[in-house]
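There are 2 protein chains.
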Amino acid sequence: MNIDRYMIKDTGGKILRKLDPNETGGFKNKEEADTQMVSLKERLAELQDIFFAQKEHSLLIILQGMDSSGKDGTVKHVFSGINPQGFTVTSFKKPTLDESAHDFLWRVHKQTPAKGYISAFNRSHYEDVLVPRVHGSQDKDETKRRFRQIRHFEEMLTEENTIIIKLFLHISKGKQLEKIQERLQDPTKHWKFDVSDLEERKFWDDYQEAYEDIFKETATDNAPWYWIPANHRWFRNYLSLNIVVKTLEKLNLAYPKLNTPTPDISELISPRH
Amino acid sequence: MNIDRYMIKDTGGKILRKLDPNETGGFKNKEEADTQMVSLKERLAELQDIFFAQKEHSLLIILQGMDSSGKDGTVKHVFSGINPQGFTVTSFKKPTLDESAHDFLWRVHKQTPAKGYISAFNRSHYEDVLVPRVHGSQDKDETKRRFRQIRHFEEMLTEENTIIIKLFLHISKGKQLEKIQERLQDPTKHWKFDVSDLEERKFWDDYQEAYEDIFKETATDNAPWYWIPANHRWFRNYLSLNIVVKTLEKLNLAYPKLNTPTPDISELISPRH
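Protein chains in written order, with the numbering used here: chain P, 20 to 292; chain X, 20 to 292.
FYI, nobody ran anything at the bench for these hints, they're computed from the structure. Be aware that a few hints might be false.
One copy or two, either will do: identical chains are not told apart, so a pair holds if it fits within one copy or between any two.
As a list, the in silico DSS-like pairs of lysine-lysine whose alpha-carbon atoms are at most 25 Å apart [claimed, not checked]:
| no. | residue 1 | residue 2 |
| --- | --- | --- |
| 1 | K208 | K95 |
| 2 | K47 | K112 |
| 3 | K113 | K74 |
| 4 | K129 | K74 |
| 5 | K194 | K163 |
| 6 | K208 | K192 |
Hey, can you work out the whole structure from these sequences and the hints?
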């Protein structure tokens, strides 16, 4: 699968309406994609093992998308086979009092992965150019300034050996309604329902517009955005996993060699011991 | 006292050799300066109280200088009258394993002050363009890149309402030797002696040269460098305190007003209660 097709480049304007949330990358159904999921997950586990041993890079995966676009589900299905020792998920909620008393990148920078580690951000600093903007508490100048600050921040991280992947989970407005209904009807999903999601849904178009600007301003070569057709959960998971695996494969990972001459341990394993 | 005289601007090359570490700003002796120290400290305490109440800005004071230039002493004498509730000092030592596994700004960003708070950094991210550079583990490209990253980082902080003051405590090589001798002879100062200081002293010229580049690359309007003649402790303290007070005075601080109509509490204080 060629993941470059899903990289967002030179948008030069509106692109979201041209991207089909129902797309399945040529797969006819879930079963077809699932045959590859197992081997892809094994591959991810292998790569992560070397990545952790080598400790040369960090990997940061940023998940963004409208409410109900499947951020939690993506984390669960893409990373459930990973060694949790080298992996963290950070969910960024409404800022706490202490977080609000600092610049908006403060809480984000703290959670960036160390070398050898992989982190997934469930929401991120991109919320800070979405929510306040859509609700009118952030003017154009401030949004513009934050875009620049984000570019500089991500540039610094990548220069210091953090690989950044930004995934936009793209669902349709109709699909969101379906998912909200699911949450209301299925008792095991009630906990995911938040009445404020209905309020936010009224701002659908404003959020889409804000995302268009995010892509225009922050889709850089070093920290690319990918759009993930997310109406079909199985393809969303398949594609996200694929992007993570392909990104790691490009790094030419290798287990570090012994940095001393191989010691002679024959005596330790002689019958006398 | 006009503090602008000590602001480092448009260096365009070497400046340190032109700056006299023995300077005392026109004061004849310690006693003359001390008459103002008391009222300056009171003024700082007043300003800090409003600063803390208003919670609009943060203040970050970065202290740099050669070994024995008096960073600890400056913190002690300038800030000993301040309300510790709104003040923190962070000393940046050799990075820990966890710190080294992140970008060099990671540990620094974490310690930046919240709104209403004042922080002093005893050493800072500037060590990361000094020590590795002087000892040859950082090449020119990396130093240059870090200068840019530092400019961007400080730009972001100032745009998000952190006031930054950078103080370079300027001593002469002869004065450093004197202070090292003091540390060896005075039992109450033995704990401050570190044999590695003697090793580092051999790199005096390299450090001075590295500082020249720091001033050239990071003396910005928003995050200015001040040079502090530091051969005389009393003037070093007087000038540093002055710069902090003058910087706070420029902010037009004011206690926040009640944001509700003044409630009628006459009943609460009537004789019946």
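How the hints compare with the structure:
1. K208 with K95: within (15 Å within a copy, 57 Å between copies)
2. K47 with K112: neither (36 Å within a copy, 58 Å between copies)
3. K113 with K74: Answer is between: at 20 Å across copies they meet the 25 Å cutoff, but 32 Å inside does not.
4. K129 with K74: both (19 Å within a copy, 22 Å between copies)
5. K194 with K163: Answer is neither; intra-copy 31 Å and inter-copy 49 Å both fail.
6. K208 with K192: Within one copy, since 20 Å is at most 25 Å while 70 Å is not.
In summary, the numbered hints that this structure violates are 2, 5.
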